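> Given chain A, put chain B in place with the hints provided.
Number of protein chains: 2
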Amino acid sequence: MLPESQKQIKLASRPHGKPESKDFQYEEISVPEPGDKEVLLKTIYLSVDPYMRGRMSNAKSYVEPFKVGEPLHGGVISKVVKSNSGLFKEGEFVIGMLPWQEYSLASEKEVRRVDPSIAPLSSYLGILGMTGLTAYFGLLDIGQPKKGETVVISGAAGAVGSAAGQIAKIQGAKVVGIAGSDEKVEYLINTLGFDKAINYKTCGNIRDALKEACPDGIDVYFENVGGEIGDAALSLLNKFARVPVCGAISAYNNTEPDIGNRVQGILIKSSALMKGFVVNDYADRFKEGASQLGKWLAEGKLTYEETITEGFENVPEAFLGLFNGNNLGKQLVKVSKIE
Amino acid sequence: MLPESQKQIKLASRPHGKPESKDFQYEEISVPEPGDKEVLLKTIYLSVDPYMRGRMSNAKSYVEPFKVGEPLHGGVISKVVKSNSGLFKEGEFVIGMLPWQEYSLASEKEVRRVDPSIAPLSSYLGILGMTGLTAYFGLLDIGQPKKGETVVISGAAGAVGSAAGQIAKIQGAKVVGIAGSDEKVEYLINTLGFDKAINYKTCGNIRDALKEACPDGIDVYFENVGGEIGDAALSLLNKFARVPVCGAISAYNNTEPDIGNRVQGILIKSSALMKGFVVNDYADRFKEGASQLGKWLAEGKLTYEETITEGFENVPEAFLGLFNGNNLGKQLVKVSKIE
Numbered sequence: 106m107l108p109e110s111q112k113q114i115k116l117a118s119r120p121h122g123k124p125e126s127k128d129f130q131y132e133e134i135s136v137p138e139p140g141d142k143e144v145l146l147k148t149i150y151l152s153v154d155p156y157m158r159g160r161m162s163n164a165k166s167y168v169e170p171f172k173v174g175e176p177l178h179g180g181v182i183s184k185v186v187k188s189n190s191g192l193f194k195e196g197e198f199v200i201g202m203l204p205w206q207e208y209s210l211a212s213e214k215e216v217r218r219v220d221p222s223i224a225p226l227s228s229y230l231g232i233l234g235m236t237g238l239t240a241y242f243g244l245l246d247i248g249q250p251k252k253g254e255t256v257v258i259s260g261a262a263g264a265v266g267s268a269a270g271q272i273a274k275i276q277g278a279k280v281v282g283i284a285g286s287d288e289k290v291e292y293l294i295n296t297l298g299f300d301k302a303i304n305y306k307t308c309g310n311i312r313d314a315l316k317e318a319c320p321d322g323i324d325v326y327f328e329n330v331g332g333e334i335g336d337a338a339l340s341l342l343n344k345f346a347r348v349p350v351c352g353a354i355s356a357y358n359n360t361e362p363d364i365g366n367r368v369q370g371i372l373i374k375s376s377a378l379m380k381g382f383v384v385n386d387y388a389d390r391f392k393e394g395a396s397q398l399g400k401w402l403a404e405g406k407l408t409y410e411e412t413i414t415e416g417f418e419n420v421p422e423a424f425l426g427l428f429n430g431n432n433l434g435k436q437l438v439k440v441s442k443i444e
Numbered sequence: 106m107l108p109e110s111q112k113q114i115k116l117a118s119r120p121h122g123k124p125e126s127k128d129f130q131y132e133e134i135s136v137p138e139p140g141d142k143e144v145l146l147k148t149i150y151l152s153v154d155p156y157m158r159g160r161m162s163n164a165k166s167y168v169e170p171f172k173v174g175e176p177l178h179g180g181v182i183s184k185v186v187k188s189n190s191g192l193f194k195e196g197e198f199v200i201g202m203l204p205w206q207e208y209s210l211a212s213e214k215e216v217r218r219v220d221p222s223i224a225p226l227s228s229y230l231g232i233l234g235m236t237g238l239t240a241y242f243g244l245l246d247i248g249q250p251k252k253g254e255t256v257v258i259s260g261a262a263g264a265v266g267s268a269a270g271q272i273a274k275i276q277g278a279k280v281v282g283i284a285g286s287d288e289k290v291e292y293l294i295n296t297l298g299f300d301k302a303i304n305y306k307t308c309g310n311i312r313d314a315l316k317e318a319c320p321d322g323i324d325v326y327f328e329n330v331g332g333e334i335g336d337a338a339l340s341l342l343n344k345f346a347r348v349p350v351c352g353a354i355s356a357y358n359n360t361e362p363d364i365g366n367r368v369q370g371i372l373i374k375s376s377a378l379m380k381g382f383v384v385n386d387y388a389d390r391f392k393e394g395a396s397q398l399g400k401w402l403a404e405g406k407l408t409y410e411e412t413i414t415e416g417f418e419n420v421p422e423a424f425l426g427l428f429n430g431n432n433l434g435k436q437l438v439k440v441s442k443i444e
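Residue numbers (the working numbering), protein chains in the order written: chain A, 106 to 444; chain B, 106 to 444.
So that you can see chain A by itself, here it is in the shape it has in the complex:
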């Protein structure tokens, strides 16, 4: 039995600096009826990701800004509860970019089936989904680590960083992670097999700590964080180093311009490459990436962690926690039970 009404989360206001609860507004709306070639979906897992902060601002970016007064949306795993599409049956699971609602409508073209008998449902939002693919393409296409090279990963215990570091290990690189707690450092070394890990909050001078951890310099710096951590890593680049620029979470909540070391001199000295990217740049290679990630996962070469917050009422809190580094691995919200 479907309820008569459900909840939706709208962007109440554009955050100034760090987002706050007041920037999100819950609204009671009806549960819609699917039209022709549409499905009604019940949200199971909802992904909250740092990149969403960018969409909450009214600035030109690679995706359109969210609109104030309209529902937020992102990666969601749902169960089909009503289907007017020949492509999907009730009870099947799908993934799509969907609004932050307990129930939502989608046209049959907007979603894609996922199979919980192949991999856990949540993994399609993480290691087998956008975050895994982000790590895969950023590291392999831009970073191109070679055997024996030193790869440094910032935000290393996050969803993308932990995948990128493991992929670098598979390539035979020495991997040094930077994270924000001793628990994360322990996880990187003992569970993921990183060669070294640094707690940037307790290490003292981060450049000195990195220099000590990377006696041969840095060949690949996978950038998730920016700020002073980025400055430190960039200052240690080797000749022909590569820097996939995936994120700069330290700057997402800045209200002033992000000021730090200019990189021109560094890049000239090292003939190094920095390249920004978003996973959609690689849309025509997603199949390749997902297939390889699935293979490594099945072979036990890749593992992942999830931080799962329970309840639709806790979506904003889970999102806000990303900027405090509360999550280990992929941060998800479990909105309803799978069965």
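Accuracy of the hints is not assured; some may be wrong.
[Claimed, not checked] According to the in silico footprint, chain A covers these stretches of chain B (three or more CB under 8 Å from chain A): (1) 348-357; (2) 374-381.
[What the hints assert, rightly or not] Some chain A residues near chain B, calculated using beta-carbon distances under 10 Å: (3) MET106; (4) PHE198; (5) GLY201; (6) PRO320; (7) GLU328; (8) GLY335; (9) PHE345; (10) VAL350; (11) TYR357; (12) PRO362; (13) ARG367; (14) GLN369; (15) ILE373; (16) GLY381; (17) ASP386.
No lab work stands behind these hints, which were simulated from the structure alone.
Note that this is a predicted model, so its numbers are computed, not measured.
Quick reminder that beta carbons are idealized off the backbone N, C-alpha and C, glycines included.
Using the frame of chain A, we list chain B on its own:
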């Protein structure tokens, strides 16, 4: 008849900030005798280049620092005045990385013959030499401008910038130059055929001026300057823009860290690429580059300007002038007559 003694220029002290005359020391030394497989060379043209500033500091870079108390050196065109080598005859002209001296010795492997009947001698230090090749590989290999794209060049009236801009025009791009005087702006537009040029000293806000000159954004930014000009250009990059980072002359004399806009956010938004390089990265393709540059020169598609300072006693002054933008095109010092 050879003189008994000659002059040499040594690095007297490492410059603090902007180099000064006192950092250079003239010394009277003997004119040496060539040994086996050596030639004695009389300096005709001596190249002074911004990159030499980096070598005057005691910092790790892509080339070894100059040593205090030892002669400076760089690109030089010389005439063979005595030869103990079967490869070179007296009266022939050669190019090499040679000390700043009126006469110098070189082993036959250190120099390469240049032919003044093919192109003016000085051009082998400029458009057909390191500066032309720097523009060629930086622009074409990293910048990869496509027809109709917008290419912005800083330091556009310098030796590398003016070549890069013309090569971009040959590729069918719209080219916008940034330079430091009205005379240079006039030269870029009327002599080199740039589409637009900006005098950064008089344009007011450089970002606004660039935005107006580039209504379709920037697809390639050829970086010679860095600093606020670089910040402005980088802020206007289009999706998948490319930034060959060739120089950062605005920062070469800095005594403090070079602080400005961090680029991570910009690169992510635009999926843009920045790559530092030095011409020697392309050593195995010099033949290809020189041959193409020579062809364009012969076809009249490429032109160049030289600023020639006369007299060995004026080498430091010519070098120092680079940092005031005194030069139009390639800055050389003519040390002796060709005949």
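> Would you list, in rising numerical order, the hints stated earlier that this structure does not obey?
3, 4, 5, 6
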